[in-house]
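A.B. asks: Same order as they appear, the protein sequences are chains A and B.
Our numbering puts the first residue of the first sequence at 1, with every later residue one more than the last.
Our numbering puts the first residue of the second sequence at 1, with every later residue one more than the last.
A hint or two may mislead.
To be verified - Between beta-carbon pairs, the in silico distance windows are: (1) A/VAL211 with B/GLN144: 31 to 41 angstroms; (2) B/THR132 with A/LEU537: 50 to 60 angstroms; (3) B/ASN184 with A/GLY132: 21 to 31 angstroms.
Claimed, not checked - Where chain A lies over chain B, by a calculated footprint (3+ residues, C-beta under 8 angstroms): (4) 98 to 104; (5) 135 to 147; (6) 152 to 164.
To be verified - Every beta carbon over 10 angstroms from chain B, so not counted as near; a handful from chain A, in silico: (7) ASN245; (8) ARG248; (9) PRO250; (10) VAL254; (11) GLU282; (12) VAL355; (13) ASN359; (14) THR569.
Hints are computed from structural coordinates only; laboratory data are not their basis.
Just so it is clear, CB atoms sit at the ideal spot from N, CA and C, and this is done for glycine as well.
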Amino acid sequence: MSHKPHGIALSLVLSSLLAAGAAAEGIGGLSQAIDTPRAPSGVADDFVILFDFREDYRALSLGLQPSDWLEIGISFPTYDDDAGSSSGNELSFGVRLLEEGTYTPGLTVGIVGFGSDDRGSGEYVLASKTFGTLSASVGMGWGRYALAVPEDRGTDDGVIRTDHLFEGDAAPFANIVWDTGVAGLVAAAEYSGIEGAEADETFAASLSYEVLDGLTVTGLVNNQGNAGLRLQFAANPAQSLAQENMGRGPHPYVPNTPARASQPQPTAAQVLALLNERAEKEDIRISRFVMEGDTIDVTASSDKDVVFARTVGRVARILSAVAPANITTFRVTQNTGAFDSNVVVLDRAGLDRAVGAPNAAELAWDATSFEASPRNRPEGLIADRFEPRLTYGIAPSFRADFITSDTLELTGTLNANARYTFSPQTFAAASVGYRFLNQWTQEDPPAEPQPRSDFTSYAPDIVYLQSLSVRHRFRIAPELYSRVSAGLFERAYGGVSGEVLWRDPEQNFALGLEATYVQKRAYEGWFGFEDADASTLIGSIYANVGTNGNFVILDAGQHLADDFAVGLTIGRNYRNGWRIAASTTWSEEETAPLKFGAEVSIPLSWTSVEGGVGATNLFVGGQSGDFGSRVSGTGLLYDELRASDKRRIEDGFGEFWN
Amino acid sequence: MIKGVVCAGLIASLSGCIGTLGQMRDAILNPNPEVEVRVPGVNRAAIEEADLAAVLVLSPTIGLGSVGVAIQMRDGRIIYNANDNRGITLEGGLVYATLGLGTNLQAVTTQSDDPLVRETRAGAWPAEVTRTYYIAQRGTEFAQITATCRNQVGRSLAIEVAEATRQVVEVVEICTTQAGENFNNVHYLDAGTGRIWRTSQWTGPVQTNIQVDVIEQFDPDA
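Pulled out of the complex, with its shape left as it was, chain A reads as follows (with noise of 0.2 angstroms):
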C-alpha cells in the first residue's frame, strides 16, 4: 500500500477530552445522516470536530456553520483498501437555498471536495422537512454519493475543474433523524443508490449518544458488511460553556456633574493611589500614567481578560469616580508585549452621556477614537520598569497523525522551552523536544534536501533541538513596526529574518513584508546545516471584513521552493476569544490539488468562570508541502498585533459596561 505522494499531513493537538472514540464516514464536515447528508441543523456559528472511524476508512472533519444557511467543513480522509490507502483534503460547502414552511420542504446543496480531485468528491441536492422530533430527507447525489469509488472528479494537473459539478452518474438517497429525547439518543436510518461489495444498493442504521454537553458518540451499521464509530465535538463560540461576567462587578460610573468642580480637586498622585487600589481589585495593571491638561493618559492590562474593551472601560468607569472634574479625555493604550499598539481616547462627556442607556455600548463606541501611540512620551507618575528574566516549562502535546499510520495514531511530543527576555523588545528562546509515543522510521535523505517532504529524513528516537533564536522588535515610526530575527527558527531551517508591518490603528487592515534567508538544518545533530539554502520575500495584506469578526489574510510572494505562491486565509474572531480559520496556499509549481489547512482557537475564558487569557489551540493540515511553504519561527509581527485591531475591539464593545 502506498499514499498518494501529496497526502497531507495531518496533526491535532489533542485534549483529553477528545482522545477516545473513533467513528463512521464523515461527510466534510457538513450536516449528515450516517452517509448521506442532511440539510443545515444547527444555528449560525455551530462548530463541530468530527472523527470518524472504520475498517477502511477514518477521517478528521471541522465543520463552521457561518450562518444559519450556510455551512462550511474541511476534512482530512484516509482510504485504505485493495488499490492501496490515500489521503484526501477535502473543503465543502452546504447551502440551503430555501427554508422550509409548514407545508413545503426546505432545499439545501451541497458541494464535498471542491477543487479536490480525491475519491471523496461529491454533489448534492436534497428536500428536507421536520416533523416535530423526526426530520427526513430526500434528494440525489453525484460523485460519493453515487458510486463506490467516484474518478477523475474535480483537478486537471492543479487546475481546479468545475464540469464535473453535478454531472456523471447519480443516485438516490433518503434519510431519517429522528431525537428519541430518551437520554440524548439520537437513531438514524438511510437509503442510498450507492452499490456495494455485498448489495446493489445501501442501508445504514445509526444510534447516537449525548455522552456530555457537546459530546456525542455514535455507532453505525450498514448492509454492505461496514460497522463504524464517530466521535463528535460539538459548540457555539458565540455561546459560552461558563455564564459571563460572574465575578466581580465594574466599579460604578460616577457622571462628572457640575456640582463636582466646586469640591476640592485630587492631584495626580492622589488619583493615581486611587485608580491603582481600584483596578488591582479588578486584576488590572496601570503600567504608566500621566495626568495633563485636561487628560489622563494610561498604559492598561489585564491577565485575566481577553476582551481589551471591557478592561477599557473598566479603567473609565475607576476614571470617572477619581479624576479631577477639569479631565475631559482619557486615554487608554493597549500594550502587546513589545509595542504600544493602539491609544483608545475616550471623551468623557460622551460617556456620561453613554452611561445606564439602552444603547449605552453605542454611545460609548461614539464617544471613543483610535490613535497609533507616539514613540515617545513625556515622562510618567509611573512607567513600566522592565527587569529582565527568564521563563521556562515543559510541555506536552498529542496528536492524531493519520499519515505516519494506516490507523488514526496518537502521537506524544514533551517539549522544553525556555526563554530569556532581555526586554520588552527583545528575546533569546530555544525549545527542545523529543517524541516519546510513536516514532516515525527514518528514512534515506533525498539527493537534494526538500522544504518539507524529507521530514522523515530527520533522527527521530533523540531528544532533538526544535529551536534557538533571538528576535528583536521595535517601531520605526507610530505606524511602522518592525522585527528582527537570527537563528534556528524551525527544524527544518535556520537563518535571519525581517520584517516591516504598517498598520493605522483606523484602519481595518495592515500590510507586512517578510525577507528571510535560511539554511536547510542538518537531518542529524543539533547544529549542523545541510549544503542548501533558501530566501523568501513575502508580502502579506491583513484585513478585517465585515462586522461579524471575519478576515482575510492574503500572502504572496517567492516561498522556500523558490516558487511564486498565494496563501490565502479567511476566518472568524469571536469577541469572547475564539478564532476559527481556514487557509489554502497556491503555488505556480504545483500540479496537485489545493490543499487545505484548519486554525481553532478556544479561549479558557469560554469554559471557565475563572477566565484567563490563555487558550487551547488546534492546527490541522497546514504547510506539509514542498511548494508554497515559508519558515515558521520567525515571529510574525500580525501575530502580536491582531488583537490590537479596531474592529476587534469594535467587537467586544458591548462588554465595555461590563
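Place chain B on chain A using the hints.
C.D. replies: Frame of chain A; chain B shown alone:
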C-alpha cells in the same frame, strides 16, 4: 514504514496549553451543579441607623446573595452597589440592570404605565405589559429581547423581609418573548401602596430570574 509526509509546523503553541486543556475538560466533564444560594445575614438595625436604602439580591443561577446599598440616583433609577462591585439598578420595582451577577442585563425599556415602575396596587395593573431587555452581544449594539407579560393576582399574605414582616399581595406575571420562550416573574406588593417588597424577575436567558428583597425603601426626601 513511513508513508507520505509527516506534518511540520502544525504544533500548537503549548505554553500553558495543558493547564487550559485540563480546565476545559473539567468544565465539560463537570458542569456546574444546581447551586445553592448563599444568603448573607442582614443587619437591619445597622441599615436603619445609617438611614440607607438597601436591597438583598439573590441570584439562584450562580448561588450568590448580596446586600446592596443605594449609592446613586440617575435618570430616576436607583443604583445599588454590593461587595465586589456587584450591583443592581432599580427603576421603581423593575430590575433595570445588573452587574456581576452573571450575564449582565444592560437595560430594560418598558411602557409608561408599567406597574413595576409606577407603584400600582395589585388590582389596578394593566392586562399586559411589554418590556424590552438589552444584553451585550458581539459589536456595539445590544441584543434585544421583547417580552409581553400578563399578570394574575394571587393570595394576600405576610412575608418576612430581612427581619421585618410585610403584608403583601402576590402577583404573578406570565411572560412570553417574541421568540416564544416563556418565563414567570413573581412580585409581592405592599397591600396598601402597591410598592414592591420582594420580586423575582427574569433578567435574561442565561442569568434568568433574580430575586430582590427591599430591605429599606429609597426615600427621595430622606
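A.B. asks: Please go over all the hints and tell whether each is borne out by the structure.
C.D. replies: Now the hints, each set against the structure:
1. A/VAL211 with B/GLN144: 31 to 41 angstroms: Given a distance of about 36 angstroms, which is inside 31 to 41 angstroms, the answer is holds.
2. B/THR132 with A/LEU537: 50 to 60 angstroms: 55 angstroms, holds
3. B/ASN184 with A/GLY132: 21 to 31 angstroms: 26 angstroms, holds
4. 98 to 104: holds (count 6)
5. 135 to 147: Our answer is that it holds, as 7 residues pass the Cβ test (under 8 angstroms) against chain A, meeting three.
6. 152 to 164: As far as the segment 152 to 164 of chain B goes, the hint is violated, because 0 residues have Cβ atoms under 8 angstroms from chain A.
7. ASN245: 5 angstroms, violated
8. ARG248: 4 angstroms, violated
9. PRO250: 6 angstroms, violated
10. VAL254: 7 angstroms, violated
11. GLU282: Incorrect as stated: the minimum Cβ-Cβ distance to chain B is 8 angstroms, not above 10 angstroms.
12. VAL355: Violated: least Cβ distance 8 angstroms, not greater than 10 angstroms.
13. ASN359: 7 angstroms, violated
14. THR569: The claim holds: A/THR569 sits with its nearest Cβ about 14 angstroms from chain B, beyond 10 angstroms.
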